[in-house]
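Asker: Start from chain A and add chain B according to the hints.
Protein chains in written order, with my numbering: chain A, 6 to 509; chain B, 1339 to 1767.
Result set (BS3-like, lysine-lysine): computed pairs, CA atoms no more than 30 angstroms apart in a straight line:
#, chain 1, residue 1, chain 2, residue 2
1, B, 1767, A, 204
2, A, 222, A, 189
3, A, 204, B, 1642
4, A, 331, A, 446
5, B, 1642, A, 7
DEER-style ranges, computed between Cβ atoms:
#, chain 1, residue 1, chain 2, residue 2, range
6, A, 148, B, 1594, 52 to 58 angstroms
7, A, 322, B, 1424, 46 to 52 angstroms
8, B, 1642, A, 81, 16 to 22 angstroms
9, A, 242, B, 1550, 41 to 47 angstroms
10, B, 1642, A, 225, 31 to 37 angstroms
11, B, 1550, A, 120, 38 to 44 angstroms
12, A, 124, B, 1653, 27 to 33 angstroms
13, B, 1519, A, 127, 54 to 60 angstroms
14, A, 450, B, 1369, 57 to 63 angstroms
15, A, 81, B, 1556, 38 to 44 angstroms
16, A, 42, B, 1550, 30 to 36 angstroms
17, B, 1549, A, 120, 42 to 48 angstroms
18, B, 1642, A, 404, 20 to 26 angstroms
Source of the hints: derived by calculation from the structure; they are not laboratory data.
Here the structure is a predicted model, which is why all the values come from computation and not from measurement.
A virtual CB, placed ideally from N, CA and C, is assigned to each residue, including glycine.
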Amino acid sequence: MKLELRGITKRFGDFTANDRIDLLVEPGTVHALLGENGAGKSTLMNVLFGLYDADEGEVLLDDSPVVFDGPGDAMAAGIGMVHQHFMLVHPFTVAENVMLGHEDVRGPAKLLDLDAARTKVREISDRFNFNVDPDAVIEDLPVGAQQRVEIIKALSRDASILILDEPTAVLTPQETDELLGIVKDLRDAGTSVVLITHKLREVQAVADTITVIRRGKVVGTAEPTASQEELASLMVGRAVSMRVDKTAAQPGETMLTVEGLTVVDDAEIVQLDGVSFEVKAGEILAIAGVQGNGQTELTEALIGVVAADAGSAILDGDVITGKSIKDVLFSGIGFVPEDRTEDGIVASMTIANNLILDVHDQAPYAKGFALQPKAIADEARKHVEQFDVRATSIEQTAGSLSGGNQQKVVLARELSRPLKLLIASNPTRGLDVGSIEFVHKRIVAERDAGAAVIIVSAELDEVVALADRIAVMYHGRIVGIVPPDTDRDTLGLMMAGAHQEEVA
Amino acid sequence: MTATVADAPAAPAPSAPIPAKRWGASIALGVIALISLVIFGLGTPTGSSTTFVVARNTDFVHLPTYTAPSRLAAIVLSVLALALAGWAAYRANQHRKVGVWLPVVYGMAIMGALLTWAGAGRDATSIQLTGLLTSSLFLAVPLVFGALAGTLCERSGIINIAIEGQLLAGAFLAALVGSMAGNAYVGLIAAPVAGALVGLLLAIFATKYWVNQIVVGVVLNMLVVGLTSFFFSTVMTENGDLNQALGMARLPIPLLSSIPIIGPVLFNQNLLVYILYVVVAAMQIMLFKSRWGLRVRAVGEHPKAADTVGIKVNRTRVRNTVLGGAIAGLGGAFFTVASGLAFGKEMTSGKGYIALAAMILGRWSPRGALAAALLFGFADALRAQLGTIGSPIPSQFLAMFPYIATIFAVAGLVGHARPPASEGIPYKK
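If we strip away everything but chain A, and leave its shape as in the complex, we get:
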């Protein structure tokens, strides 16, 4: 089926997320929609899928205009979508999730015909070698399998156009390769695929046509043969270097020693399982792994946001486990949390106040009970200048800044203390390329100034670019610590739980 979007415009208040976007997807092709985070790709697809109403423009299927009043209409018309955050009901089985919304039923009470659903799942699973058990419960399945369930869901509704929204964000490199193989198979079977991504490697691997979106507008199309540099500059709007400039590390004394650190969560599941490692002054240890394998718990246990159930962490001779968060931070740790809007800033407070959150009770920012606005403002102006925070005023709320500028505020605050250790969790998630370069530079600068640095990142590219050593986590354990020039396949296998020796 041929899909065409003409002049789609979608505004949220004053913000134009999509500005007169035209898109043509030919039948049986893979069409990549390439753009940075926040460029408007997902908004466009949500308009197409009937989740948002477009302010202007029209959608045409096989040259006839259609209007979708909701996702149900879009699916009935043959459009399937695999969302970035999976739309699966966790306590349900695969078959129940696949049948949901278009169930086969029996009798006047409309009792579910689970056998019919199982057959359907098996049939599609066999056709594309998905290896999915219809009776498995979703929450027991690995992410890669959950994604295949989403694809089965779309195909079981006879989707002839499949939209994949950032499908590889949560996958290991091997799972990514499998998925790209599936995309090719689907195309060969006649399904059109729209692949939304910001990862150039994937685009080059499978796309037949590439449309690049920047700030809500189509800025051009490209052939899959285009080089990564060409695609990146089209996506960002200027020439970008794909590498981080850094010299070889000059490791000094051991700064942080972690011994058998263990965290058990409220549901009494062991999230961090006896993790031990060391980080030296002047080196970057990058922690790689698929999201949700204990990285969050590790960083939070180190600064004391979650209590460690066993094990210890020693920073420069002092035991920091069991101390209050404040004591930990002031013993020389800077912390950039993974969710900046939730944990990094207080969105409704001003930039100035966000910058002194950690020292608000200390001179010169406070005297007795009273804050000292002048000292706070002076400090804020200094930081805003140093970190190039693009804001109209320091009295602007932090929530009104762009993601990149919010992250600069967090960095400015966390790097303002004398640091022995910097912990940064997914420090560039959702940032534009310019901000990513800036953040990377500051992190490397901190290393060169002699701090130990721990970077947690789900993006393998970032890990490889920054790391002096790479620790790979899987199911709450470190499966191995390897040098930064380790090849991607090995890292990928380790991210899936294989030990270093087994891989080598």
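Answerer: Same frame as chain A, now just chain B:
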């Protein structure tokens, strides 16, 4: 495939992280059973006996009165409770959960031991076993209806704290309409309407205005208390005909009601109890086996997923909340027309909150709600029975009994029961 990996002893954990073992609940159960053994078992004087009357004189089949040695009976019941605690510990060791039946049987065993202890050596009185069970079931009726209402709402993602208000509204309208018509059954038809209206208010505030559902629920409870009290002290007091004590006759089912013990308990009740059986069975099947149930549960767990496959989330929630309100309202009829009483101010006296506890203890399933409500009903009936035989425990403490049972049941036995993931969160596009 997973199973074979798990069976191999040296193999690493196959997939998801292993849950750590939970001992808290089984230890608490064990300690209480031990206390029961010491106080009720060993504390009962030897040689005394407790008389259990199994059948009433009016029953078709005559069973002999059974006199048991009190000490032995209390010890046996306590040991049974201890064994159940052991089973819970064994299951915890295997990382597995226990069914709702365990806390229910456990609770009844402990309470049975208490009963035997209290009845020991009182030759003048006897324990009316059939009567006790019959009133357990009867007293459980509003709790079951309330818990089913809660289950219906929460499975679709709406927290229904207003069960109390829905019960009270149902009780009030049943009395009013029944009195006007001079027929209890007409009141029974009116009761769900009152509950549904309260449910509709809750649904509108929760889905359209995104008000905190717990706050709305509490406010609605206050509103119903205020309104019914007002009409009670004005209209109903001025005109006594509008608030008559009507009754619904017991309808013994032929043959079934003649079965010893079970017959009179289950099949010699009034219409409301029979409706209860049907509603529990129908909801159990519909919620877990039908298309409607699958969609409702999806809406309560992951509304966005339901929306993306074309299910109208808020429509489902409104319908379920209104239907839930109607069921709670029907349960409200218990207090007036089904018990042969006139309406009284705040006569539901917190039963709606206990129903909420029964819903949680029953893990959001109709079957579980029934079992949990029966436990609370039994506690309530026991209090009445102990009052009659004159127990050594002060009556005020006995009155607290069902509530203490509630707290223990919810806090200790349920542990980390998992509510529908999206309950209480308004769905905004």
